[in-house]
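Protein chains in written order, with our numbering: chain C, 70 to 185; chain B, 245 to 356.
By construction, these hints were calculated from the structure, which means they are not laboratory data. Treat the hints loosely; a few may be bogus.
Derived pair list, reagent style SDA-like, types lysine to any residue, alpha-carbon separation capped at 25 Å [unchecked claim]: (1) K135(C) with K305(B); (2) K111(C) with L300(B); (3) K133(C) with T86(C); (4) K111(C) with S270(B); (5) K111(C) with R79(C); (6) K111(C) with S328(B); (7) K111(C) with D329(B); (8) K135(C) with E173(C); (9) K312(B) with E173(C); (10) K110(C) with V281(B); (11) K83(C) with L137(C); (12) K111(C) with H254(B); (13) K83(C) with F307(B); (14) K111(C) with S296(B); (15) K293(B) with L115(C); (16) K124(C) with K110(C); (17) K293(B) with A71(C); (18) K111(C) with G297(B); (19) K110(C) with A348(B); (20) K293(B) with K89(C); (21) K124(C) with K83(C); (22) K110(C) with K312(B); (23) K110(C) with I253(B); (24) K110(C) with L263(B); (25) K89(C) with Y269(B); (26) K111(C) with Q286(B); (27) K124(C) with A348(B); (28) K293(B) with V88(C); (29) K110(C) with T299(B); (30) K124(C) with I253(B); (31) K89(C) with H254(B); (32) K111(C) with D298(B); (33) K110(C) with D252(B); (34) K111(C) with T299(B); (35) K293(B) with K135(C); (36) K111(C) with A141(C); (37) K293(B) with T101(C); (38) K293(B) with W327(B); (39) K111(C) with L95(C); (40) K111(C) with L290(B).
Since the model is a prediction, treat every value here as computed from it, not as a measurement.
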Amino acid sequence: GAVVSQHPSRVICKSGTSVKIECRSLDFQATTMFWYRQFPKKSLMLMATSNEGSKATYEQGVEKDKFLINHASLTLSTLTVTSAHPEDSSFYICSARGGQDYTEAFFGQGTRLTVV
Amino acid sequence: AQSVTQPDIHITVSEGASLELRCNYSYGATPYLFWYVQSPGQGLQLLLKYFSGDTLVQGIKGFEAEFKRSQSSFNLRKPSVHWSDAAEYFCAVGLNNNDMRFGAGTRLTVKP
Chain C
70 GAVVSQHPSR
80 VICKSGTSVK
90 IECRSLDFQA
100 TTMFWYRQFP
110 KKSLMLMATS
120 NEGSKATYEQ
130 GVEKDKFLIN
140 HASLTLSTLT
150 VTSAHPEDSS
160 FYICSARGGQ
170 DYTEAFFGQG
180 TRLTVV
Chain B
245 AQSVTQPDIH
255 ITVSEGASLE
265 LRCNYSYGAT
275 PYLFWYVQSP
285 GQGLQLLLKY
295 FSGDTLVQGI
305 KGFEAEFKRS
315 QSSFNLRKPS
325 VHWSDAAEYF
335 CAVGLNNNDM
345 RFGAGTRLTV
355 KP
């Protein structure tokens, strides 16, 4: 299957700083990328959907100004958590669709964000 | 309302025993159906998927799932569980290219 690489896998940052998480499709062009947040022992919550070259579509209740999503190329999407607070600590996962099998989404390894 | 339900939060089975994880969905049309597995601190790995055709789908690691339209179900099964199968399992549905929703997940514990 296609490979999606997410970086970093873990990050610790100070409260008030910003953190950028990258999601790359390594062997296919991802026309659509998704960002999820997963709370401990909970399911994945879709945060936003991004299509290459256009603004991301955010789910209800997700702050656009706090979670900045950029999908500047067909192989890279970034999620920037701005002015991070401890309550933003979570596991963030990206997924990508594209290539020959557009119906399947391929997931990154996830990023564990801890805000101290 | 559109939803994906995994009724069992946690299941414990003995190694070598059979396994069935339940998934029900509520959508107007037949969606795409997926089962994913997640190990602690890891991303999701696709086990199998159903789009159309044969309602019994074979996946990786010896898993299979059966789509039953009349019951709006897509239950995951494995005849003999291995200790390495202990993980979190998520059922997911996709209605279109930009909408994929996950169930709450079922945590599987395997007893020796």
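Hints versus structure:
Proposed proximity of K135(C) and K305(B) is contradicted: the alpha carbons are some 40 Å apart, above 25 Å. Of the supplied pair hints, the one linking K111(C) and L300(B) is violated, its CA atoms being roughly 28 Å apart against a limit of 25 Å. In summary, the hint linking K133(C) to T86(C) is supported, as the alpha carbons are separated by about 17 Å, within the 25 Å threshold. A distance of roughly 20 Å separates the Cα atoms of K111(C) and S270(B); the hinted pair therefore holds under the 25 Å criterion.
For the hint pairing K111(C) with R79(C), the CA-to-CA distance comes to about 19 Å; that is within 25 Å, so the pair holds. As the CA atoms of K111(C) and S328(B) are separated by approximately 21 Å, the hinted pair is consistent with the 25 Å bound. Proximity of K111(C) to D329(B) is assessed by CA-CA distance (about 19 Å); at most 25 Å being required, the pair is judged to hold. With a CA separation close to 28 Å, the supplied pair K135(C) and E173(C) exceeds the 25 Å bound.
The hinted pair formed by K312(B) and E173(C) meets the criterion: a straight-line CA distance of about 21 Å does not exceed 25 Å. Pair hint K110(C) plus V281(B) holds up; C-alpha atoms about 13 Å apart against a cutoff of 25 Å. The straight-line distance between the Cα atoms of K83(C) and L137(C) is roughly 18 Å, inside the 25 Å bound, and the hint therefore holds. This hinted pair checks out: K111(C) and H254(B) have alpha carbons roughly 12 Å apart, not beyond 25 Å.
At most 25 Å may separate the alpha-carbon atoms for a hinted pair to count; K83(C) and F307(B) exceed this at roughly 43 Å. Restraint check for K111(C) and S296(B): the C-alpha separation of about 29 Å exceeds 25 Å, so the hint is violated. At most 25 Å may separate the alpha-carbon atoms for a hinted pair to count; K293(B) and L115(C) meet this at roughly 20 Å. A threshold of 25 Å between alpha carbons decides the hint, and for K124(C) with K110(C) the separation of about 31 Å lies outside it, so the pair is violated.
Restraint check for K293(B) and A71(C): the C-alpha separation of about 15 Å stays at or below 25 Å, so the hint holds. With a CA separation close to 32 Å, the supplied pair K111(C) and G297(B) exceeds the 25 Å bound. Straight-line distance between C-alpha atoms of K110(C) and A348(B) comes to about 9 Å, which keeps the hinted pair within the 25 Å bound. Taking the CA atoms of K293(B) and K89(C), the gap is about 32 Å. The hint is violated against a cut of 25 Å.
For the proposed pair K124(C) and K83(C), the alpha carbon gap of about 28 Å is over 25 Å, so the pair is violated. At roughly 28 Å between alpha-carbon atoms, K110(C) and K312(B) are farther apart than 25 Å, so this suggested pair is violated. Taking the CA atoms of K110(C) and I253(B), the gap is about 10 Å. The hint holds against a cut of 25 Å. With a CA separation close to 21 Å, the supplied pair K110(C) and L263(B) stays within the 25 Å bound.
A C-alpha spacing of about 35 Å is found between K89(C) and Y269(B), which places the hinted pair above 25 Å, so the restraint is violated. A distance of roughly 14 Å separates the Cα atoms of K111(C) and Q286(B); the hinted pair therefore holds under the 25 Å criterion. Of the pairs offered as hints, the one joining K124(C) and A348(B) is violated, with about 29 Å between alpha carbons and a cut-off of 25 Å exceeded. Restraint check for K293(B) and V88(C): not satisfied, since their Cα atoms lie roughly 34 Å apart, outside the 25 Å limit.
Note on K110(C) and T299(B): the hinted pairing is violated, with a Cα-Cα distance of about 30 Å set against a maximum of 25 Å. The suggested pairing of K124(C) with I253(B) is violated, with an alpha-carbon distance near 36 Å, which exceeds 25 Å. For a cut-off of 25 Å, the pair hint linking K89(C) to H254(B) is broken: about 34 Å separates their Cα positions. Between K111(C) and D298(B) the CA atoms are separated by roughly 31 Å; this puts the pair beyond 25 Å, and the hint is violated.
For the suggested pair K110(C) and D252(B), the alpha carbons sit about 13 Å apart, so the restraint of at most 25 Å is met. Straight-line distance between C-alpha atoms of K111(C) and T299(B) comes to about 29 Å, which puts the hinted pair past the 25 Å bound. For the hint pairing K293(B) with K135(C), the CA-to-CA distance comes to about 34 Å; that exceeds 25 Å, so the pair is violated. Using a Cα cut-off of 25 Å, the hinted pair K111(C) and A141(C) is violated, with the two alpha carbons roughly 30 Å apart.
Between K293(B) and T101(C), the direct Cα distance comes to roughly 19 Å. Compliance with the 25 Å bound is thereby established for this hinted pair. As the CA atoms of K293(B) and W327(B) are separated by approximately 23 Å, the hinted pair is consistent with the 25 Å bound. For a cut-off of 25 Å, the pair hint linking K111(C) to L95(C) is broken: about 28 Å separates their Cα positions. This hinted pair checks out: K111(C) and L290(B) have alpha carbons roughly 18 Å apart, not beyond 25 Å.
Against the hints set out earlier in the document, violations occur for numbers 1, 2, 8, 13, 14, 16, 18, 20, 21, 22, 25, 27, 28, 29, 30, 31, 32, 34, 35, 36 and 39.
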